Amino acid sequence: AQSVTQLGSHVSVSEGALVLLRCNYSSSVPPYLFWYVQYPNQGLQLLLKYTSAATLVKGINGFEAEFKKSETSFHLTKPSAHMSDAAEYFCAVIPDSSYKLIFGSGTRLLVRP
Amino acid sequence: NAGVTQTPKFQVLKTGQSMTLQCAQDMNHNSMYWYRQDPGMGLRLIYYSASEGTTDKGEVPNGYNVSRLNKREFSLRLESAAPSQTSVYFCASSENYSWARSGANVLTFGAGSRLTVL
Numbered sequence: 025a026q027s028v029t030q031l032g033s034h035v036s037v038s039e040g041a042l043v044l045l046r047c048n049y050s051s052s053v054p055p056y057l058f059w060y061v062q063y064p065n066q067g068l069q070l071l072l073k074y075t076s077a078a079t080l081v082k083g084i085n086g087f088e089a090e091f092k093k094s095e096t097s098f099h100l101t102k103p104s105a106h107m108s109d110a111a112e113y114f115c116a117v118i119p120d121s122s123y124k125l126i127f128g129s130g131t132r133l134l135v136r137p
Numbered sequence: 005n006a007g008v009t010q011t012p013k014f015q016v017l018k019t020g021q022s023m024t025l026q027c028a029q030d031m032n033h034n035s036m037y038w039y040r041q042d043p044g045m046g047l048r049l050i051y052y053s054a055s056e057g058t059t060d061k062g063e064v065p066n067g068y069n070v071s072r073l074n075k076r077e078f079s080l081r082l083e084s085a086a087p088s089q090t091s092v093y094f095c096a097s098s099e100n101y102s103w104a105r106s107g108a109n110v111l112t113f114g115a116g117s118r119l120t121v122l
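Residue numbers (the numbering used here), protein chains in the order written: chain A, 25 to 137; chain B, 5 to 122.
If we strip away everything but chain A, and leave its shape as in the complex, we get:
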């Protein structure tokens, strides 16, 4: 069963524009949710995580994500894109009591000058 779905394998925005990367999840228990970023030729780094505290989570580099239980979504946003934001972004979820972390297929963000 698909636990996390990222809509759009590629997203292209202009520098200074809003960044919106979509993530929907399925979970049998209250989930833990994460966004990771992968810069070229590097490992993944944690951007932010949701652990049932505040529904709006702020992360590094100006990114934030909002947990919406009614929509089973955890979309990632940034008000103004920088060229340095170009990377691949992965949504991940711990969907059940097995504690296994399940990754989405990733969204590559391209930032146009």
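Derived from the structure by calculation, the hints contain no laboratory data.
For clarity, every value in this text was computed on a predicted model and none was experimentally measured.
One thing to keep in mind: the hints can contain errors.
To be verified - Ranges between beta-carbon positions, derived for each pair:
1. B:GLY67 - A:PRO64: 26 to 32 Å
2. A:SER33 - B:ALA6: 28 to 34 Å
3. A:LEU134 - B:ASN100: 34 to 40 Å
4. B:PRO87 - A:SER33: 38 to 44 Å
5. B:ASN100 - A:ARG136: 18 to 24 Å
6. A:SER50 - B:SER55: 24 to 30 Å
7. B:ARG48 - A:TYR63: 16 to 22 Å
8. A:LYS93 - B:ASP42: 27 to 33 Å
9. B:PRO87 - A:SER50: 29 to 35 Å
10. B:THR24 - A:THR96: 37 to 43 Å
11. A:LYS93 - B:THR24: 22 to 28 Å
12. A:LEU70 - B:ASP42: 18 to 24 Å
13. A:ASN65 - B:GLY67: 21 to 27 Å
Unchecked claim - Below, a list of computed lysine-lysine pairs in the DSS-like style, where the Cα atoms sit at most 30 Å apart:
14. A:LYS124 - B:LYS13
15. B:LYS75 - B:LYS13
16. A:LYS92 - A:LYS82
17. A:LYS93 - B:LYS75
18. A:LYS124 - B:LYS75
19. A:LYS124 - A:LYS92
For every residue, glycine included, the Cβ atom is placed at its ideal position computed from N, Cα and C.
Dock chain B against the given chain A, drawing on the hints supplied.
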């Protein structure tokens, strides 16, 4: 400030050859993981070690073996490489495996090992 170190960074194998990917972490983490990353499929868990002395299968364990050599080191072995194992492999570690009790641990990843099987 090494974090998680993987070797080698690149490797080319012929079908049927064997090799071992090495991983070491210096953060005193209890849990370690091996993932593979393939285009359009995200990261998939191959094996993990919740604590020293234990290993368990993940989503895609077939064709792989692992060894938790000590608390620091967790190796991944391909006994007879196949073209389907061409991928980028990532090792990761976390403080412990039970995210819920610990308030959701964070994974720290190595830089990856790119393996090509011809």
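Point to revise | Supplied distance hint 18 to 24 Å, evaluated on CB atoms of B:ASN100 and A:ARG136 | key: violated (42 Å)
Practice item. Please test the hint of 27 to 33 Å on the beta carbon pair from A:LYS93 and B:ASP42. Key: holds (31 Å)
Practice item. Given the hint of 24 to 30 Å, check if A:SER50 and B:SER55 actually sit that far apart at their C-beta atoms. Key: holds (29 Å)
Practice item. Would you check the hint for A:LYS93 and B:LYS75, treating anything up to 30 Å between C-alpha atoms as holding? Key: violated (38 Å)
Review point. Falls inside 28 to 34 Å, the C-beta gap from A:SER33 to B:ALA6?
Key: Given range 28 to 34 Å: holds, Cβ gap about 33 Å.
Review point. Between A:LYS92 and A:LYS82, is the straight-line Cα distance small enough, at 30 Å or below?
Key: holds (15 Å)
Check your understanding: Between A:ASN65 and B:GLY67, does the beta-carbon spacing fit 21 to 27 Å?
Key -> At roughly 25 Å between Cβ atoms, B:GLY67 and A:ASN65 fall inside 21 to 27 Å, so the hint holds.
Exercise for review: For B:PRO87 and A:SER33, compare the CB-CB distance with the range 38 to 44 Å and indicate the outcome.
Suggested key: Once the Cβ atoms are compared, 23 Å apart, the range 38 to 44 Å for A:SER33 and B:PRO87 is violated.
Review point. Cβ-Cβ distance between B:THR24 and A:THR96: within 37 to 43 Å?
Key: Given about 40 Å between the Cβ atoms, the range holds.
Check your understanding: Under the criterion that the straight-line Cα-Cα distance not exceed 30 Å, is the pair A:LYS124, A:LYS92 satisfied?
Key -> Holds, at roughly 22 Å.
Check your understanding: Is A:LYS124 close enough to B:LYS75, meaning Cα to Cα at most 30 Å?
Key -> holds (20 Å)
**Study point:** Range hint compliance [Cβ, B:ARG48 to A:TYR63, 16 to 22 Å]
**Key:** With a Cβ separation near 21 Å, B:ARG48 and A:TYR63 satisfy 16 to 22 Å, so the hint holds.
The structure does not agree with the numbered hints 4, 5, 11 and 17 stated previously, though it agrees with the rest.
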